[in-house]
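Asks: Throw the hints in and build the complete structure from the sequences for me.
2 protein chains.
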Amino acid sequence: MRICIAQTRVRAAALEQNFAAMKAAIAKARADGADLIVFPEMALPGYFLGDAWERPHFLKACQEYAQQLAALSNDVAILFGSVGVDPTARNEDGRIRKYNAAFVAQSGRFLMNEKLQLPFWPKALLPNYREFDDTRHFHDLRKLALERGVAPEQLLNPAMIRLRNGTTVRLGIGLCEDAWDEDYAFKPYSALCSAQHKPDLLINLSCSPFTLGKQSRRKKLFCSMSTKAGLPVVYVNAVGSQNVGKTIFSFDGQSGIYLGQDFFPTAEPFAECSETIDPAEITSNKTPIRMSEAPSERIQEIQIALEKGLSFVREEWQLRKVVVGVSGGIDSALSAVLHARVFGAENVTCVNLPSQYNSQLTINAAHQLAKNLNCAYASLSIEESVKLTLRQLEDARQQGVEIPATLNPLVAENIQARDRGSRLVASVSSALGAVFPCNANKSEMTVGYSTLYGDHAGYLAPLGDLWKGDVYALAAHYNSTIYGKEIIPQDTLNVKPSAELSPQQDITKGLGDPLHYPYHDELFRLWVEEWNRHDCESVIDAWMKGTLAAWLSPEAAFYLSQNFKTQEAFEADVRRWWSAYVGMGAFKRVQAPPVLALTRRAFGFDHREAVGLHLARGK
Amino acid sequence: MRICIAQTRVRAAALEQNFAAMKAAIAKARADGADLIVFPEMALPGYFLGDAWERPHFLKACQEYAQQLAALSNDVAILFGSVGVDPTARNEDGRIRKYNAAFVAQSGRFLMNEKLQLPFWPKALLPNYREFDDTRHFHDLRKLALERGVAPEQLLNPAMIRLRNGTTVRLGIGLCEDAWDEDYAFKPYSALCSAQHKPDLLINLSCSPFTLGKQSRRKKLFCSMSTKAGLPVVYVNAVGSQNVGKTIFSFDGQSGIYLGQDFFPTAEPFAECSETIDPAEITSNKTPIRMSEAPSERIQEIQIALEKGLSFVREEWQLRKVVVGVSGGIDSALSAVLHARVFGAENVTCVNLPSQYNSQLTINAAHQLAKNLNCAYASLSIEESVKLTLRQLEDARQQGVEIPATLNPLVAENIQARDRGSRLVASVSSALGAVFPCNANKSEMTVGYSTLYGDHAGYLAPLGDLWKGDVYALAAHYNSTIYGKEIIPQDTLNVKPSAELSPQQDITKGLGDPLHYPYHDELFRLWVEEWNRHDCESVIDAWMKGTLAAWLSPEAAFYLSQNFKTQEAFEADVRRWWSAYVGMGAFKRVQAPPVLALTRRAFGFDHREAVGLHLARGK
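One line per chain: the protein sequences are Z and X, in this order.
For what it's worth, this note's numbering labels the leading residue of the first sequence as 1, then goes sequentially.
For what it's worth, this note's numbering labels the leading residue of the second sequence as 1, then goes sequentially.
Check the hints yourself; a few may be wrong.
What the hints assert, rightly or not - With a straight-line cut-off of 25 Å between C-alpha atoms, the simulated PhoX-like cross-links for lysine-lysine are: (1) Z:K60 to X:K545; (2) Z:K545 to X:K545; (3) Z:K545 to Z:K565; (4) Z:K198 to Z:K214; (5) Z:K198 to Z:K115; (6) Z:K198 to Z:K220; (7) X:K387 to Z:K387.
To be clear, the hints were calculated from the coordinates, so they are not data collected in a lab.
Since the model is a prediction, treat every value here as computed from it, not as a measurement.
Replies: Given below as structure tokens:
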């Protein structure tokens, strides 16, 4: 049996483009003598479409394109993911009944799923964590079972297709989460395999975003499935970029065949590729096609995912030019490098926006960075405008507005940041027909250490899912490994992180940010990224019990021991940042740009929060 | 049987405050001789907490406070909503197993739900539409039934409490959505009532946000339930404000008793109130306590909901002062009125920010408005700063940045808007320790007719769920009905809506916005608010079939017939705005301030969307 594993680029709601990509893959599969071609979950409509699923006209168009795909199936059987509509029923919200489903077409027609009397195989397990929103839009096999008063396993059955040589094959089909069944009472693949007619082959159609470390989890899961079932598992995942508004996900593909303890990739990660192979011909000595080595180092995995992800975004949104505000600091330097690599240096303009508080060291570093990258560069001062704004505040006071004669120092700091972001960078971008990124990292976004409409502004926060420590590591990786020379000036890597907005942040005196990143990154990670999350109180409990240090790296634990000698000192710091995280941090994140997701918990749609919880008592 | 219906203020995650409110209500109920006190769904922890549900320490605190409540139940039985934790199991996402549950305490202890062997009654139907996120966090009765291999009705049973007179009463308990069962195959209240031991009384604990027109739907639903069951239905809903980050919901309470075709409110809408009554003593001639008339007019309902909602936000977020940028136009005028009413005129500063393009008419109207409201007022010009920015763009060009010699007119327009929002209004607010609202309405937010970091900026968009037509109607309502005089200057009501950012928007020549709101409001509403949504293509289909006019008001239909004589003209307009809606509109909404929700579909969490769909082909 020859199977074409079609790792296609799946674009959100782009039926015409997705159909064209699938049609081309089918033609290639036919030329390669495939019996069956398998596409990803939701390969036709795309997956993260928001409430576009509520548009009957769109659903109709999905069905029409699906029929056109079925018509292409004469000699090659086609298995693909799309939306399954049942016009005879309603969703539980009263909207049109729809499923996240797999369709199988042969001889120009869809196979009927006899147990359900529907022309598709619905997903049984709908993920409802992280970025996934399946239960909002789709009915599922378990709900069908409840409606019909039967056990869900009674509604499972393989799809039977005919090979070119006339034999019949039973496909055990599941969609993405159906395989990730650890915490579900119902386990679809196990149920399929223990049924009367066991499948000949297991197939998983996925639309599964990249996450750091996920590929090793996939391997463990599907190898275990293959071993238990004694069957090959065909895994087909999409590539491309889809977003849920506030968070942008990259799809890494990593399609191939799992057989026993081995994985045989059939495509490069993040690349469109369809490849026809016969699972029976795989041996553990022979990888079907030659693949790049999967990156072994975390920082290399981050670098590839960031560049591929940003490159997808550039293509999807049809962006051409970028303006990066470069301060001479580490975040904007890394952002400039990343944009220069993805957009091309000729499409990147670096703008430095000094005030009286910027040191010559960082100003020079910013200029040197632009030279090293071969990007256009301009230096535009904010001094005159900031003075004008302060004069106009005085003017307002004279008109009777009760502005204090002595302003809180934060007022002037934020005026500078907004002047840079919303006045100059935004205007230069607008004049060039460009976009500008928000260079905030995850540590800053956690506690809202940024100015709304200032450095918080931008079309995207490409570093918004990277802790400050990772920002440094990635910057060093570019210099040492990727370029093998000092592209990011060493001064930028050495200088104390600082916003340089006041004399209290004067780097020439060693002053700067109020965060000690090697420690606070790890503290924040406990709050933000743990699956069962820590909070202010649980961290204080742990400190009092003496167990906190064990959760930290040796470096962070040492800082902890050296800097917080008393409970009072420790609590004051923790409470300050917790309050910032759920207080101003949350308030600012509501208006933050989209974040490019890398970790299991990026800000945005998978970090749901209410504004104002810092004011709740007894939380 | 005397029941205290406790319509409490429920604050998100504020265990201490919520507990205190409940404790006070219990003391009052005891004094009033109640047998039972009933609180809303999630009365103890709050409901819209985002991923705070993932914090084990918070869950533990919820359980501890719940135990303290149980301890108060000696002579009065206590029924309240909170989170039910089952330490022996896991959620399907691997996190701690938890339920949205009702707890019943009597004689100092929780009653055991015998059929489940859990000390609470879990919600059976979890809403997963609009703002509701229950399925992300909570397990439910239906999933329990699947796990245990039984039908869900077999897991239902009433809670039995003992009255002061010694008799036993069977309470049929449900939580919010359990009553809204129209599109669910499983109907918990019907199943409860048709079981062997029918309840003596039905109770619904809700945490159900205000929505325009919802009270009439509630009445229909619960009257029907009461009639069918032949039982009184006790309905207890929270008051206050909770938010899901991007969208802020007000809770209107409207608690009371449904009996046959009648509703007997026991509390004013939006007000904290607990009242003890005996359902058996209600007759249709006697309302238990004297209530205000529910508003009969839509515009009055909007006015009350906006003021109550904003007032809750002010309290929850502990806001004191507001700066409103007033242009002389209708949106900022209405925003100023609203803020003056809720915050007090002494806490509101109006700032007018003229450029060369602002007419004397609107400048005067802005000043007059501030005078009418008795608010502080200042006029600060943006001319000097805008010129400076343009000079700095020229400076960048001379430094080699390829800025075109002739700028796209939009560049200068957006510079003005950002100069107002991010430079002046933000700085005045910051200096005063105030916040400033975004005055955008729903029509503008739909198509992104605003400038990011300009008029799009603010702590909240209080008018963001009001179509432009409603903005006019509400402004007129304030003048005519609430004040009985011209608070909002008639010029503001009369002048053509315009951003006044260029000679092309010169109101003195009758020029202004590119939208004809009485028509476009209704077009946009088809896309945004229909339960099964229209889209660009379905509207064009309808136009071609001649059915579009039937969906519009006579005024909008007349505009349609007069202005789009050809399909080409009609399509060009529809496609322009559709593209703006899913394109720049979506991009800007990601960074929009929170919206105060009024309708069944406010922007934010209940309007999920992916950015960039306007570029997808075949959508």
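Asks: Each hint: holds or not?
Replies: Results of checking the hints against the structure:
1. Z:K60 to X:K545: Measuring from Cα to Cα gives roughly 18 Å; hence the hint holds.
2. Z:K545 to X:K545: Violated, at about 73 Å.
3. Z:K545 to Z:K565: 14 Å, holds
4. Z:K198 to Z:K214: 29 Å, violated
5. Z:K198 to Z:K115: Measuring from Cα to Cα gives roughly 15 Å; hence the hint holds.
6. Z:K198 to Z:K220: 23 Å, holds
7. X:K387 to Z:K387: With a Cα-Cα distance of about 15 Å, the restraint between K387 of chain X and K387 of chain Z holds, given a limit of 25 Å.
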